[in-house]
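Given chain A's structure and the hints, the job is docking chain B onto it.
Chain order of the listed sequences is A and B. According to the working numbering, the stretch in the first sequence is residues 1 to 333, in order. According to the working numbering, the stretch in the second sequence is residues 334 to 666, in order.
Hints were generated in silico from the structure; no laboratory data involved. Glycine included, each C-beta is placed from N, C-alpha and C at the ideal position. One or more hints might be untrue.
[Stated by the list, open to error] Estimated spans, in silico, between C-beta atoms of each pair:
| id | chain 1 | residue 1 | chain 2 | residue 2 | range |
| --- | --- | --- | --- | --- | --- |
| 1 | A | Trp97 | B | Gly516 | 49 to 57 Å |
| 2 | A | Asn239 | B | Gly350 | 26 to 34 Å |
| 3 | B | Ile639 | A | Asn239 | 35 to 43 Å |
| 4 | B | His619 | A | Asn239 | 19 to 27 Å |
| 5 | B | Gly516 | A | Lys109 | 50 to 58 Å |
| 6 | A | Thr227 | B | Glu354 | 47 to 55 Å |
| 7 | B | Lys477 | A | Trp97 | 32 to 40 Å |
| 8 | B | Glu524 | A | Lys60 | 30 to 38 Å |
| 9 | B | Gly481 | A | Asn202 | 49 to 57 Å |
| 10 | B | Thr560 | A | Asp27 | 37 to 45 Å |
| 11 | A | Asn315 | B | Phe351 | 31 to 39 Å |
| 12 | A | Asn202 | B | Thr560 | 30 to 38 Å |
| 13 | A | Ile234 | B | Glu354 | 25 to 33 Å |
| 14 | B | Gly481 | A | Glu58 | 27 to 35 Å |
[Stated by the list, open to error] Derived lysine-lysine pairs resembling BS3-like cross-links, with alpha carbons at most 25 Å apart:
| id | chain 1 | residue 1 | chain 2 | residue 2 |
| --- | --- | --- | --- | --- |
| 15 | B | Lys477 | A | Lys144 |
| 16 | A | Lys201 | B | Lys593 |
| 17 | A | Lys260 | B | Lys397 |
| 18 | A | Lys260 | B | Lys393 |
| 19 | A | Lys260 | B | Lys338 |
| 20 | B | Lys593 | A | Lys60 |
| 21 | A | Lys60 | B | Lys507 |
| 22 | B | Lys593 | A | Lys260 |
| 23 | A | Lys319 | A | Lys301 |
[What the hints assert, rightly or not] Just a few of them, taken from the derived set where beta-carbon distance is under 10 Å, the chain B residues facing chain A:
| id | residue |
| --- | --- |
| 24 | Phe361 |
| 25 | Asp563 |
| 26 | Val577 |
| 27 | Gln583 |
| 28 | Ser588 |
| 29 | Ile589 |
| 30 | Leu596 |
| 31 | Leu598 |
| 32 | Val600 |
| 33 | Val609 |
There are 2 protein chains.
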Amino acid sequence: MKPLKNKLIRLVKRPVGFPSEDTWEYDFETIDELCDGEIIIQNLYISVDPAMRGWMNEVKSYIKPIEIGDVMRAGSIGKIIYSKNKLFKEGDFVSGWGGVQKYCRTNSKSVIKIKAEINDLPKHLGSLGMTGMTAYFGILEVAKIRQGETVLVSAAAGSVGSIAGQIAKIKGCKVIGIAGGKGKCDYVKNELGFDGCIDYKNESVTRSIRRECPEGIDVFFDNVGGTILDSALIFINRNARVVVCGAISQYNSTSIVGPKNYLSLLVNRAQMIGMVVFDYKERYQHASEEIIGWIESGKLKSKEDIYFGLDNFYNVFQKLFNGNKQGKLILKV
Amino acid sequence: MKPLKNKLIRLVKRPVGFPSEDTWEYDFETIDELCDGEIIIQNLYISVDPAMRGWMNEVKSYIKPIEIGDVMRAGSIGKIIYSKNKLFKEGDFVSGWGGVQKYCRTNSKSVIKIKAEINDLPKHLGSLGMTGMTAYFGILEVAKIRQGETVLVSAAAGSVGSIAGQIAKIKGCKVIGIAGGKGKCDYVKNELGFDGCIDYKNESVTRSIRRECPEGIDVFFDNVGGTILDSALIFINRNARVVVCGAISQYNSTSIVGPKNYLSLLVNRAQMIGMVVFDYKERYQHASEEIIGWIESGKLKSKEDIYFGLDNFYNVFQKLFNGNKQGKLILKV
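One chain only, chain A, in its complex shape (with noise of 0.2 Å):
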């Protein structure tokens, strides 16, 4: 192989509160070996994600923190150039943690190989990957929806919850969403089917919630966390679930705040389950199948938000938290 100069993001220091950009530098690398096993995947499309803030604290979690000096994690789709792998041949489309860089030089243990359009790529990052497996088991596996309960959705717009509402329309749920500012409120009612939307950042949200939701809340699928659910915990009705899924409203806190409605569990002999993705792996074969029917059939509505450029990656990683985005972010490289 002739040797390819690799441009790559490394994290040099772990950030407290919400990362400047100095928590990373860029740096460039050459790759002129394979080793028997490995191979060379170029990254086409590299997945932004809230739980990236998760990642670069060094605190016992689902998954280790990213090291110091290591190559940003994350998880990308990518075409293979260099193959010493029998299960892997130059061309082929692969999904995997290829991490924010340009190539990525892989034992391709954690590699799946896609049969995808060029064009549809980009899904499987988004309602096909990551995102759409912990949509489609967070609402169907751990809340459990049933036909006619009323399911409520926060960061509605964004990648999961847009699709987490959807296929709880799809069953048969009242669907109600809450989202920030008139534009992504409409596009979640409008385009995304949702029965009402509140905009948390222009309406009081508990009094929306009593508006919306006059029969209560089943389901509370959170990936908010903060007042946000302190107002949906007092909404719920009994047997409810509340879905923790996310908490994008404390990531870049110093000092969490908890729940303090959360006695509500209490009253209503309700569930608060936290869910990891990564746990239902051997499942996401079927559930792409489902979702890709979905789709195809006109369902469900997948968006990708893509940006383009390794250089755009603070850029875009700052919108996951701003608000200034609708749907997956995706660097295309």
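Leaving out everything else, chain B in the frame of chain A:
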């Protein structure tokens, strides 16, 4: 019937924070007539429970608030002294919502006949009453404990915690308690047979949980809330269950503190589950029989902390919250 002079305690105002003595007023009334279907119970033992504090708040809960002017609600054990109801005869011992008063005139709807020696009557407010039922269904049905698991119980010397922990021991769990003061901790370890007990008044709860539960916590049976709940959340294992049975540290608080470590539920795919004992009403009988078996075989100790006289009500009520008691608080009339 000859007219009866009833002495009773009425709720006369809604407390904010810790109830002052003038939250209640003593009163007298004459009972001189019974309608068909009614009975008069002479209260012998009155149950004094943390839940009373919640019933005084004018909020939607699992039970209607006590109205201002009403007799203070309480579970009780008594003897029927007049009956115009075919199902009950004079001399029967019954349990029900007798209230904090000498006599209770009732249509007998929620009154249950109990078979017991007079000396065993207090147990029917403790290990065989709401307290025991809460512990039994909380630890077996809600927490779903399994042999070999590590179970942490807060308020371990208290009425519910002491029984929940003992049942977990009977079922083959490792059980660690949390209680306040050396006396209580000794009692929990030496008399109740817990594997360890953390003295929250004299040691760091977080450090002590790390020491006592090096393998983490599979079940946290929480009666306390607040910082103790937060400490426990740090150490929960994958798929752990946190039973929200109560939150005595918060009941008199004007601003509830939520569990800031709740995202540990996400990381550990754990659940926080609320419970109300009334949901298991149909199975109280079966549970009582099993608990009686454990008591008779010496496997379970039931401790009642009995005080005398209606005039003592406020004194005993305070003991619920100042920690100055051991086991089930009961007022003997």
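We went through each hint and held it up to the structure:
1. One distance hint, 49 to 57 Å for the beta-carbon pair A/Trp97 and B/Gly516, holds here, with the actual separation near 55 Å.
2. For A/Asn239 and B/Gly350, the Cβ-Cβ distance of about 31 Å falls inside the hinted range of 26 to 34 Å, so the restraint holds.
3. For the pair B/Ile639 and A/Asn239, the supplied restraint of 35 to 43 Å holds, since their beta-carbon distance comes to about 37 Å.
4. At about 22 Å, the beta-carbon gap between B/His619 and A/Asn239 stays in the expected band of 19 to 27 Å.
5. Judged by the Cβ atoms, the range 50 to 58 Å given for B/Gly516 and A/Lys109 holds: they are separated by roughly 56 Å.
6. Evaluation of the 47 to 55 Å hint for A/Thr227 and B/Glu354 yields a failure: the beta carbon distance comes to about 37 Å.
7. Distance hint for B/Lys477 and A/Trp97: a CB-CB separation of about 35 Å, consistent with the stated range 32 to 40 Å.
8. Hint check: B/Glu524 to A/Lys60, Cβ distance near 36 Å, so the stated range 30 to 38 Å holds.
9. For B/Gly481 paired with A/Asn202, a C-beta distance near 53 Å keeps the hint of 49 to 57 Å intact.
10. Distance hint check: the CB atoms of B/Thr560 and A/Asp27 are about 43 Å apart, consistent with the given range 37 to 45 Å.
11. The beta-carbon spacing between A/Asn315 and B/Phe351, approximately 53 Å, falls outside the hinted interval of 31 to 39 Å.
12. The given range of 30 to 38 Å is respected by A/Asn202 and B/Thr560, whose C-beta atoms sit roughly 36 Å from each other.
13. Take A/Ile234 and B/Glu354: their Cβ atoms lie about 32 Å apart, and the range 25 to 33 Å holds.
14. Taking 27 to 35 Å as the suggested C-beta distance range, the pair B/Gly481 and A/Glu58 conforms, at roughly 31 Å.
15. Proposed proximity of B/Lys477 and A/Lys144 is supported: the alpha carbons are some 19 Å apart, at most 25 Å.
16. Pair hint A/Lys201 plus B/Lys593 holds up; C-alpha atoms about 24 Å apart against a cutoff of 25 Å.
17. Our distance criterion of 25 Å between C-alpha atoms is met by A/Lys260 and B/Lys397, whose separation comes to about 22 Å.
18. The suggested pairing of A/Lys260 with B/Lys393 holds, with an alpha-carbon distance near 16 Å, which does not exceed 25 Å.
19. A hinted pair counts as satisfied when its Cα atoms are at most 25 Å apart, and A/Lys260 with B/Lys338 does not qualify at roughly 45 Å.
20. The straight-line distance between the Cα atoms of B/Lys593 and A/Lys60 is roughly 16 Å, inside the 25 Å bound, and the hint therefore holds.
21. This hinted pair checks out: A/Lys60 and B/Lys507 have alpha carbons roughly 24 Å apart, not beyond 25 Å.
22. In summary, the hint linking B/Lys593 to A/Lys260 is supported, as the alpha carbons are separated by about 9 Å, within the 25 Å threshold.
23. Only pairs whose Cα atoms come within 25 Å are accepted, and A/Lys319 paired with A/Lys301 is accepted, the gap being roughly 21 Å.
24. At its closest, the beta carbon of B/Phe361 sits 35 Å from a beta carbon of chain A; the interface hint therefore is violated under the 10 Å criterion.
25. Here the hint on B/Asp563 is kept, as its CB sits about 7 Å from the closest CB of chain A, short of 10 Å.
26. A least Cβ separation of about 5 Å between B/Val577 and chain A falls short of the 10 Å threshold, and the interface hint therefore holds.
27. Using the Cβ-Cβ criterion of 10 Å, the hint placing B/Gln583 at the interface with chain A is satisfied: the shortest such distance is roughly 7 Å.
28. The beta carbon of B/Ser588 comes within 7 Å of a beta carbon in chain A, closer than 10 Å, and the hint placing it at the interface holds.
29. Hint status for B/Ile589 relative to chain A: holds, with the closest Cβ pair at about 4 Å, below 10 Å.
30. Nearest Cβ of chain A to the Cβ of B/Leu596: about 6 Å, under the 10 Å cut. The hint holds.
31. The interface hint given for B/Leu598 is met, as the beta carbon of that residue sits about 4 Å from the closest beta carbon of chain A, less than 10 Å.
32. With a cut of 10 Å, the hint placing B/Val600 at the interface with chain A holds, because the nearest CB-to-CB distance is about 5 Å.
33. Proximity of B/Val609 to chain A holds as hinted, the smallest CB-CB distance being about 6 Å (cut-off 10 Å).
Violation of the numbered hints given earlier is confined to hints 6, 11, 19, 24; the remaining hints are satisfied by the structure.
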